[in-house]
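Undergrad: Starting from the given sequences, assemble the full structure and let the hints guide the process.
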Amino acid sequence: MAFLSIKNVAIKGISACVPAYVEENLEIADVPSMDIDKLIKTTGVERRHVATPGICTSDMCFAAAEKLLEELNWNKDEIEGLIMVTQSPDYLVPATSPSLQHRLGLSQNCFTIDISLGCSGYIYGLSTLASYMQSGMIKKALLCVGDVSSVSCSKQDKSTYPLFGDAGTVTALEYCEGDEGMKFHLSSDGSGYKAIMIPDGGHRNRFSESSLQEHVIDQGISRNNIELWLDGMDVFSFGISKAPETVNQLLNKFAIDKDSVDHFYFHQANLMMNERIRKKLQLPENKVPYSLKNFGNTSSASIPLTMVTESAGELKNGQASIIACGFGVGLSWATMQCTTTNLVIPDLIYYG
Amino acid sequence: MNIEKFVSEFADQFDDLDTSAFTPETLFKENDEWSSMTALSVIAMVDDSYAVRLTGDDIRNSKTIQQIYDIVLAKSN
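Same order as they appear, the protein sequences are chains L and S. If you use our numbering, the first sequence closes out at 430, no skipped numbers anywhere. If you use our numbering, the second sequence closes out at 79, no skipped numbers anywhere.
Derived by calculation from the structure, the hints in this document are not laboratory data. All of these numbers come straight from a predicted model, not from anything done at the bench. Using N, Cα and C, we set each Cβ at its ideal position, and we do this for glycine too. Careful: at least some of the hints might be erroneous.
Derived SDA-like pairs (lysine to any residue); straight-line CA-CA distance at most 25 Å [stated by the list, open to error]: (1) L:K358 to S:N79; (2) L:K365 to L:A390; (3) L:K336 to S:D50; (4) S:K31 to L:I114; (5) L:K371 to S:D17; (6) L:K119 to S:D18; (7) L:K119 to L:K358; (8) L:K357 to S:A53; (9) L:K218 to L:Q397; (10) S:K65 to L:I295; (11) L:K371 to L:R125; (12) L:K331 to S:A53; (13) L:K272 to S:D59; (14) S:K31 to L:H293; (15) S:K31 to L:M350; (16) S:K31 to L:D115; (17) L:K119 to L:K357; (18) L:K218 to L:S205; (19) L:K90 to L:T387; (20) S:K77 to L:S319; (21) L:K336 to L:A398; (22) L:K272 to S:S43; (23) L:K358 to S:K77; (24) L:K116 to S:D20; (25) L:K336 to L:R356; (26) L:K357 to S:V74; (27) L:K90 to L:P367.
A few chain S residues facing chain L, derived, Cβ under 8 Å [said to hold, decoys possible]: (28) L42; (29) I45; (30) A46; (31) D49; (32) L56.
TA: Below is the structure:
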């Protein structure tokens, strides 16, 4: 059982940035209208902010970091760590985090790491960065998390294209002596690695002419091998079983009273899956906010984006006990609990 | 577990179709309503009632309700 309790590190602020360009799911031409109504009802996604050509995850994280540092009133020279969690990096090589460190004008006295995780990535990123900071030698650091998943979805794939939106987020962590810190439960099951994947373009299957060949999977689902493949049934079955389980494991391990938690932020997979998870855990609707309707599934960014768009008011004013749970691609899943105090949350930023 | 109850629970996942004639041998994909959404409802029902995780392949490789029932039975033991 991979549990962690990391003391003396606290979240100080969160910012999020989405592409300005909005795509309305009702206006998607390739899916018959009856289908699209049903699809919107099941997925809960009405519209998505999608990256126009040229917009990368790191661009949105850059904008989000600039705004957050300004509102936190943090000096750039004080930032000694930057982690980038994304599965849509700028390049295959090199990693994105060093160039973001440079672009932001952070000092060279700053460690940088890329982490390749999606839906569970925010929790893994928090656990990694907090672990680096808990000894107290690094006081301030940034966690940049996001994806431009829409870029990799086939427009002829009704199982992915209407679902995914894009976003970049930044979370600021600070060493705070005496803070109760963060508690984690972390899990993986690589036997399900094919459930969500882009098969070609890495080193197992290098990009070749055949990568561009269309595969017709089903009615309304065709894609090539450099696009996202998703086995909706496998992922659904996994999510409704593992997400409630990991939340319960964290609650039990650390004897946290479920009723004492103010907000539960789940990865925004789709409404049908998220509602099953909420009901299995018997959580009231008002404690489980969704950003799905206006932003879709934003991969690793979905948890911080939901915090910024759906409950900034509560998180900015006073204390809140929160649980965040990510689950998906890998397969990988994780849960975190912490108490936030007067977070700095700039208004949502629109890019491009 | 019993098959009559399972067939009735399975039939409940259809909204519009007349499922009164459903039997264990019913070819559940051979109708106008079956879709990927119905499949998700069946997966959710099985998770709820039997605490069993059906995979995409379990659904794809099955034709009759009996076949799904047998998979659930095998996985719950």
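Undergrad: Each hint needs a verdict: does it hold in this structure or not?
TA: Okay, the hints, checked on the actual structure:
1. L:K358 to S:N79: 22 Å, holds
2. L:K365 to L:A390: 14 Å, holds
3. L:K336 to S:D50: Given pair K336 (chain L), D50 (chain S) holds - Cα atoms ~21 Å apart, limit 25 Å.
4. S:K31 to L:I114: 21 Å, holds
5. L:K371 to S:D17: 24 Å, holds
6. L:K119 to S:D18: Roughly 16 Å separates the two Cα atoms, so the pair holds.
7. L:K119 to L:K358: 20 Å, holds
8. L:K357 to S:A53: 15 Å, holds
9. L:K218 to L:Q397: Satisfied, since the Cα-Cα distance of roughly 21 Å is no more than 25 Å.
10. S:K65 to L:I295: 18 Å, holds
11. L:K371 to L:R125: 6 Å, holds
12. L:K331 to S:A53: 22 Å, holds
13. L:K272 to S:D59: 12 Å, holds
14. S:K31 to L:H293: 22 Å, holds
15. S:K31 to L:M350: 21 Å, holds
16. S:K31 to L:D115: 22 Å, holds
17. L:K119 to L:K357: OK: K119 (chain L) and K357 (chain L) at ~18 Å, within 25 Å.
18. L:K218 to L:S205: With Cα atoms ~15 Å apart, K218 (chain L) and S205 (chain L) stay inside 25 Å; holds.
19. L:K90 to L:T387: 17 Å, holds
20. S:K77 to L:S319: 14 Å, holds
21. L:K336 to L:A398: 13 Å, holds
22. L:K272 to S:S43: 22 Å, holds
23. L:K358 to S:K77: Satisfied, since the Cα-Cα distance of roughly 21 Å is no more than 25 Å.
24. L:K116 to S:D20: Holds, because 20 Å separates the two Cα atoms, which is no more than 25 Å.
25. L:K336 to L:R356: 12 Å, holds
26. L:K357 to S:V74: 22 Å, holds
27. L:K90 to L:P367: 21 Å, holds
28. L42: Since chain L brings a Cβ to about 5 Å from L42 (chain S), closer than 8 Å, the hint holds.
29. I45: 5 Å, holds
30. A46: Constraint on A46 (chain S) satisfied, holds at 6 Å.
31. D49: 5 Å, holds
32. L56: 6 Å, holds
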